[in-house]
Amino acid sequence: MQATHAPEHGHGPPGGLMRWVTTTNHKDIGTLYLWFAGVMFFVAGSMAMLIRAELFQPGLQLVQPEVFNQLTTLHGLIMIFGVIMPAFTGFANWQVPLMIGAPDMAFPRMNNWSFWLLPVAAAFLVGSTLLPGGAVAGGWTMYPPLFIQGGISYDLTIFAVHIMGASSIMGAINIITTILNMRAPGMGMMKLPLFVWTWLITAFLLIAVMPVLAGAVTMLLTDRNFGTHFFDAAGGGDPVLFQHVFWFFGHPEVYILILPAFGIISTILPTFARKPLFGYASMVYATASIAILSFLVWAHHMFTVGLPAGAQLFFMYATMLIAVPTGVKVFNWVATLWRGSMTFETPMLFAVAFVCLFTIGGFSGLVLAMAPVDIQLHDTYYVVAHFHYVLVSGALFSIYAGVYYWLPKWTGHMYDERLGRWHFWLSAISFNVLFFPQHFLGLAGMPRRIPDYALQFADFNRISSIGGFVFGASQILLLIVIVKCIRGGARAEARAWEGAQGLEWTVPSPAPYHTFLEPDVAERHLSPPLPQAGGPPSGDEGRGEGYAPELR
Amino acid sequence: MRAWRTVFWGFFGVRRGRDLERDAANLKPAQVIAAGLVGAAVFVAVLLLVVRWVTQ
Ligand SMILES: [Cu+2]
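First to last, the protein sequences are chains A and B.
If you read the first sequence in the numbering used here, its first letter stands for residue 3, the second for the next number, and so on.
If you read the second sequence in the numbering used here, its first letter stands for residue 16, the second for the next number, and so on.
Derived by calculation from the structure, the hints in this document are not laboratory data.
Built from N, CA and C at the ideal position, the CB exists for glycine as well.
Don't take every hint at face value.
Cβ pair distances, simulated, as ranges [stated by the list, open to error]:
(1) Val57(B) / Gly61(A): 50 to 58 Å
(2) Thr224(A) / Trp68(B): 24 to 32 Å
(3) Phe346(A) / Gln46(B): 37 to 45 Å
(4) Ala45(B) / Ile482(A): 47 to 55 Å
(5) Gln46(B) / Glu419(A): 42 to 50 Å
(6) Leu457(A) / Val53(B): 17 to 25 Å
Covered by chain B, per the in silico footprint, the following chain A stretches (three or more residues, Cβ under 8 Å) [unchecked claim]:
(7) 34 to 44
(8) 302 to 316
In isolation and in its complexed conformation, chain A is listed as follows (with noise of 0.2 Å):
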């Protein structure tokens, strides 16, 4: 708070590059955090591409081996550090202060750091595709014995894994600072808006998890350069050592790319139903529980490992039961639009999508949680398909329903609704067309990172591609309609969605580049209507315990 800039009225950013290199305006930073991930999302996106060519028929078309098995481990660590991430910490930098009611976030100076850590991390793992024997190919997960085998790059996105690591600890430990510190008076802990609570925890979960990868890397940097043997069979090390300590980060790491995604979701559903948000105090529990079990479930990545029955037993059990709190989380969405008057924008499609084809990603992982059932499905196309329904579907559609949702108080302009149902559209068919087969294809067999495959796989592989090609095509429509939005559109008003609730919509459309220096502004806003759970009492008390009556 005090290394913020002094909060003179109304002055504007320094112009030029600088403006974004030295910023630590908290809207400044998280539209480069935005950016960021849409740069990577489309470099990480051209990736993809080339897997499902090289995998639109049987044999070996456009690249060798090597080269896929990059693409594929890139991939999937740019999608995770470079897209997910970014781009939900990019949210919470532009919504967080926002929605709280402080002027910025408590650490400007080190918000500014995380953020440009970031693209020197891209830029080894990107540029490490140059050096002698190519970008890192043994799989996003990093197991040795590939890891400890490989050639500099492997060194380079040991530090990269650190770097991105240190940004999320220090984005996260801004967070809670801002969040349990700088609230406007009157907002209370359970008045916070969902999207508030869930980075909240999110935020806890990096602090508690990244250091545990970090360590790890770590143990592998070690065993690469300094003659250690943590993970090296032959010196008396245990390669699965690793992964326990990998899916320990791991585990609570896919709650961090969609706890985010259920606070986005939970903000959407209520403006476009124009209802407050079912269970409220609910969501906060669910939230807080998942965080917890998340924990206690990592070695269902591990059921082929060769862990005693009983541990896989433990880990199937509390796995399925981590699922009950996921299961009231839709439950309370569905039940947010039951009567709802509800109308179909952009935000509101992809929200309605997310809870449908999320729902799908989390009964697959039900499948999957099932011992028996993961050995024969482990490391196949099922498992690929599943996880993509879920951060695709799942963490992917939510941050685009949020970029819809936002955009007028970013830009101050209606963003083409019209462009943005035909991304809509387009993006939901063609992911299903992508990712559907894929449960097909694993059931029958067949492995993921292969560049080629048996012919019996051919034709469900050709129907993923040509759905890949069309998913890949429409997203460059969400970039017109960004750039269209920027560029001008019909006006926002300060309240941009006749349903929206929230300290955020108090303020005009675009938001200035400095707000609630004051306090009381927002205390005024808060009382009595309050944000998220707000709104008049709708005549009938005993329909549950939908809002927490508290709140008004």
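With chain A fixed as given, assemble chain B with the ligand onto it according to the hints.
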């Protein structure tokens, strides 16, 4: 006691709005966090017992 109940319903994921109101007024975050961690430990213990019972 209230913290335990809060955490129990938290794991289950559904809660009455009225109860939330009382919780929010009466509970300290530290209580809820402590109860949550103990709850997680109980969860693990129960699962381990179930596993033992099944594998016997
Ligand atoms: Cu997992």
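Right, here's what the structure says about each hint:
| no. | hint | verdict |
| --- | --- | --- |
| 1 | Val57(B) / Gly61(A): 50 to 58 Å | holds, 56 Å |
| 2 | Thr224(A) / Trp68(B): 24 to 32 Å | violated, 42 Å |
| 3 | Phe346(A) / Gln46(B): 37 to 45 Å | holds, 43 Å |
| 4 | Ala45(B) / Ile482(A): 47 to 55 Å | holds, 50 Å |
| 5 | Gln46(B) / Glu419(A): 42 to 50 Å | holds, 48 Å |
| 6 | Leu457(A) / Val53(B): 17 to 25 Å | violated, 56 Å |
| 7 | 34 to 44 | violated (count 0) |
| 8 | 302 to 316 | holds (count 4) |
Of the hints listed earlier, those the structure fails to meet are numbers 2, 6 and 7, in rising order.
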